[in-house]
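Student: Chain residues, written in single-letter form:
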Amino acid sequence: MTFSLLHATDFADRLLYKIIPPLKAGMIVLADRYTYTAFARDVTRGVDRQWVRELYSFAVRPDLALYFRVPIDVSVDRLLARRVKLKFYEAGMDLGWSTNPVESFRLFQGKVLDEYDHIVQEFGMEVVEASGSITEQQRLVRTLVQRQVAVTHSVEVSDDDTL
Amino acid sequence: MTTHSDASGLNGANGTSTVGRYYGREIPYLPLNGYPGKLFVIEGTDGVGRTTQIQLLREWLEVRGYGVAETGWTRSPLMQPTIELAKASNTLNKLTFTMLYATDFADRLEKEIIPALKAGFIVLSDRYIFTALARAGVRGIDRQWLRNLYGFAIAPHLVFYLNIDVKTLSRRVLESRGMDFWESGMDLKTGDDIYDSFRAYQSKLLREYSSMADEFQFRVVDARRAIDKIQDELRRQVAAYLEPAEKPTEPALTR
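Chains as they are written, first to last, in numbering that gives the first Met the number 0: chain A, 0 to 162; chain B, 0 to 254.
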């Protein structure tokens, strides 16, 4: 619970200082992770699914939410190939499921990914298959983003702000 | 008097009362299985005399053979430094303020309150979620959101609300430690004068507390009286609650 609430507090702080002001100024805000991360991770840690959604109900609904989906094996391989030391909490070591970091990561993140599958449905996120090449992914992302930006932009132009 | 809730609070499961249970959505990994402990809350605004009353109550309970654990607002070792730091800087807003409190509470609930209840302690809580609800309510945070947020709190067996009027409170605070920035609601920026701000802010807080009295079954105690008079009343009510429910000297009978 404290883990969940601490992250929510951090999120609230960033929302009010880093996200809402630029949105008000008509800027595009790119968020690396959003409330969905909390929904997946906190629920995997045993927090009530509905409670965490209500907790984050003050968040701004994104115009576009992308989910980069990757099988757990690819995720593990990528991390290990870069010889990244798996982080304690990222590997869910706090849950005590395994004393082996890699095994723990696999168990924990596997469950997190399952949770994400529900979330994608629930919130209508756009899925990008992240096992593909970077170029492929980026092309898809650009198409999806362009659709949004085009819409927003035309609205702004028609506003006819006087200087 | 909510005497019917005594037994169900003690035995857990079959009661119609929520006493000793989660208010709302429970913490899935921490089911409450009719723990033997009791949670007594002393609520009241800043400077009303809660801490003094708790000290006296604790002594009295311990002399009578009860194990007593104490917990108090923002006393979580995990969160206290962070909260102090955030209060000292100017970066805190009403939302993050509310959530830091909730984090502190969650930590103490998991690490102090629930383990103590499990072990059969009487937990005396100096303030409880009602302080959070009142403070956030005054600051315009959505009431329903707050109640959902604190749904994981345990409904205390007894909630004593030390009630006072602003005039008496102002004098009492000025006689002791003086008015402090946060207790005067200076963050609400209603004016530069700390005295006026204190009066206005505390009046609002008192209204918030009063409005919760029925919802959360407060036992309202007149806190304008002398310390020993208040203490007598607390002891009388606590004794009436504990005696029929449990005899700490005969634990074998409850098995």
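Just so you know, the hints here were simulated from the structure itself, not pulled from any lab data. Take these hints with a grain of salt, some might be off.
Unchecked claim - Heads up, simulated DSS-like pairs for lysine-lysine below, C-alpha to C-alpha not over 25 Å straight-line:
#1 B:K86 - B:K203
#2 A:K23 - B:K203
#3 B:K188 - A:K23
#4 B:K86 - A:K17
#5 B:K188 - A:K17
#6 A:K110 - A:K84
#7 B:K93 - A:K17
Student: Each hint should be assessed against the structure and marked as holding or not.
Tutor: Consistency of the hints with the structure:
1. Only pairs whose Cα atoms come within 25 Å are accepted, and B:K86 paired with B:K203 is accepted, the gap being roughly 21 Å.
2. Between A:K23 and B:K203, the direct Cα distance comes to roughly 32 Å. Violation of the 25 Å bound is thereby established for this hinted pair.
3. With a C-alpha separation of about 24 Å, the suggested pair B:K188 and A:K23 falls inside the 25 Å cut-off, and the hint holds.
4. With a C-alpha separation of about 20 Å, the suggested pair B:K86 and A:K17 falls inside the 25 Å cut-off, and the hint holds.
5. Taken as a hint, the B:K188 and A:K17 pair is honoured in the structure, with Cα atoms around 23 Å apart against an allowance of 25 Å.
6. Restraint check for A:K110 and A:K84: satisfied, since their Cα atoms lie roughly 20 Å apart, inside the 25 Å limit.
7. The hinted pair formed by B:K93 and A:K17 meets the criterion: a straight-line CA distance of about 16 Å does not exceed 25 Å.
The earlier numbered hint that this structure contradicts is number 2, and it is the only one.
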